[in-house]
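Starting from the given sequences, assemble the full structure and let the hints guide the process.
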Amino acid sequence: MVAQWREGFELLQVEREVTADQNTMAVPRSVGSFINFIVGIAIGVFICSYFVSKATLHIQRNMQTNQNRHNFNHYNSLLKGITNCSSRRDQSVADELYKKVRILCWVMTAPKNLDTKAKHVKATWGKRCSILLFMSSESNPDFPTIGLETKEGRKQLYWKTIKAFHYVHRHHIDEADWFLKADDDTYVVVDNLRLLLSKYNPDEPLYMGRRFKMFLKQGYMSGGAGYVLSRESLKRYVAAFSDKACNHTSHVEDRALGKCMEILGITPGDSRDDHLRETFLPLTLLSHLIKRRPDSSFWYWKFTYYKATNGPECCSDLAISFHYVTPEQMHILEYYIYHLHAVGYKYRRKDFEEASEDGERRNSYLLTTAPPSTP
Amino acid sequence: MMTEGTSFVKGVMLGGMFCLVFTLFANTEIRGGSGLRSHEHHHLKAPNKEELLKLPEAKRLELSLTIRVLCLIMVTPKEIGYWASAVETWSKHCDKAVFYSPETIKIFESVSLATADKWIQTRKAFQHAYENYKDNYNWFFLVESTTFAIIENLKFFLLNKDPEQPFYVGHTVKSGDLEYVESSSGVVLSIEALERLYRILDDSAKCPEKGSLLWKMSQDKELAVCLKYTGVLADNAEDDEGKELFNSKNINTLVVEAMSKNPNEVVEGCCSDVAITFDGNSPNHMHVLMYGVYRLRPYGHTFNDALLFMPPVGSDND
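Listed in order, the protein sequences are those of chains A and B. For the record, in the first sequence the residue sitting at position 108 is 108 according to our numbering, with numbers rising by one throughout. For the record, in the second sequence the residue sitting at position 24 is 24 according to our numbering, with numbers rising by one throughout.
Think of the hints as simulated: they come from the structure by calculation, not from any bench. In this text the structure is predicted, and so the values were computed from the model without any measurement. Positions of the beta carbon are idealized from the N, C-alpha and C atoms, including for glycine. Just so you know, nobody snuck in bad clues.
Covered, in the sense of this in silico footprint (three residues per stretch, anywhere, with C-beta under 8 Å from a C-beta of chain A), are these stretches of chain B:
#, stretch
1, 14-20
2, 299-307
Within a straight-line C-alpha distance of at most 27 Å, the following computed BS3-like cross-link-like pairs (lysine-lysine) qualify:
#, chain 1, residue 1, chain 2, residue 2
3, B, K106, A, K291
4, B, K249, A, K291
5, A, K346, B, K243
6, B, K134, A, K54
7, A, K291, B, K96
8, A, K122, B, K261
9, B, K261, A, K117
10, B, K261, A, K127
11, B, K96, A, K346
Right under this line is the structure:
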């Protein structure tokens, strides 16, 4: 290469000597050669860099492919052992909580709904309750349902509630910490309800659910979304009836029970999550999740105690209940919650268990007391 | 003249030499660096299964990032609602989502394929994807506008499959001798399969635009025929219990069917825990699916997976 350089230079020298002799004619010829030479260099560099860049790209692609293949083969050998296993579920924390937070669920149903609705509650979320009871006007030993000796129909609803809570108090007051009322078109995520209730003391009066603000100053809990009484609240509720402090005031059961709670001085609790999203959902999931301009005449916006919204902010990730659930939707919810998941996805929002700024209210009651002794 | 010619040639050679020497100097640096990198890998022992599951987050994330999926989503001008819900929901989880439409549509961003013929649309979409994205993605996933896909589950499925091998995967259907992937539940091609497809699309004898038979076949069958010429055969995707991963029906329909077929074990008999697609969803249902898949969960249940996916930036519904 150096030789070439020298050669080219010598050529120039020779040409210059030639032109020195031949003044007029030779000048254009040597300048011409020189220009050609420069142009030649430029074109040489240009052609070469074009081919070099193509080659580099090709080499780089091959290197990347080889690197990818190397990475892939490396990881593949690591994975041979685990790809046979499906995504593995670990429910040890849920199982621990099951032992500590005992929830009795009683489901309001009717003889004609057993095969169409109540059956699906039994097949899906009902089995996660510590105790599951179906309350009907008539007893059915096969299903089984408890007969409350009422008639059926809307006018009977509060009678059924009163009698159901009295039954549960008489037979199961010492077997559970919390007493949930649900409809046969309510789906309850019992694991998430356990989490909420684990932060409270069942021997204090608690009244928990989706708070509505109409009709009563302190509001009341939506019946369709399900509501919960602590053991202490249940004792006081039943005592209030024998004291005649409370009685059957109207058939609108959630409002009527709310009235009795008000008389007893038991305030409705706040069931919202750490991000202040609602957990008890009184409408269909679709109605809550679709973002649209709220129709101000729709009852929901008037009833909701805390500010509510539709769209993604409507609902907690750890939602506790859904209402107006059809039989197939019971199974669909069961599939979403306990089966279908995005493998390896790191949830955007952490669970309740992380400490929050509102430390006092959120501290788990369970951490400071021994578990209740089994009878 | 002679001197001018030779000086030109000498100039060219000189320029070429300069350039080569320069490049050589520059490249030895690069090659030296990469040599070091590959040397690093050779020091890692292959951990056993327990160790693998205890892989630190950074390593699991690294592993997950090696699988890069390009989503090709077919929309039409009448389906603005579907385009919007795909944009707002599941397609955010693709490494990249490209929308293809039969014509230019003012309201939404899409690549116009300038044809209403479904087979030509499929050809052009794959051609466009190959030409523009072959260097950055190793898997290519073609879906209809009514399909909801869970990309994390797709990546979990593709985890042990080498994209340098020809893969053509989805829900397969047999039609005589031909086994093809049904387009309604999604079609997955590895980069190798896509490359082979790209080359054979130019062969008008084996893979013509007008279709390979005298009568019109559906685009999913045409695709299978072309791929077959390149030696690529369709694979049906199942989980380790044999349940379908790509579903041409939505969850509602599948559950209702399961309720009549096995009423005592509805969910167990219905659908895979790691399902990848469901077709036949309305735009509103895509929002419900988003909540059901990426948010709604029971407290106290966790999963121990080798992969790790972070939620996408700037999204609020997942």
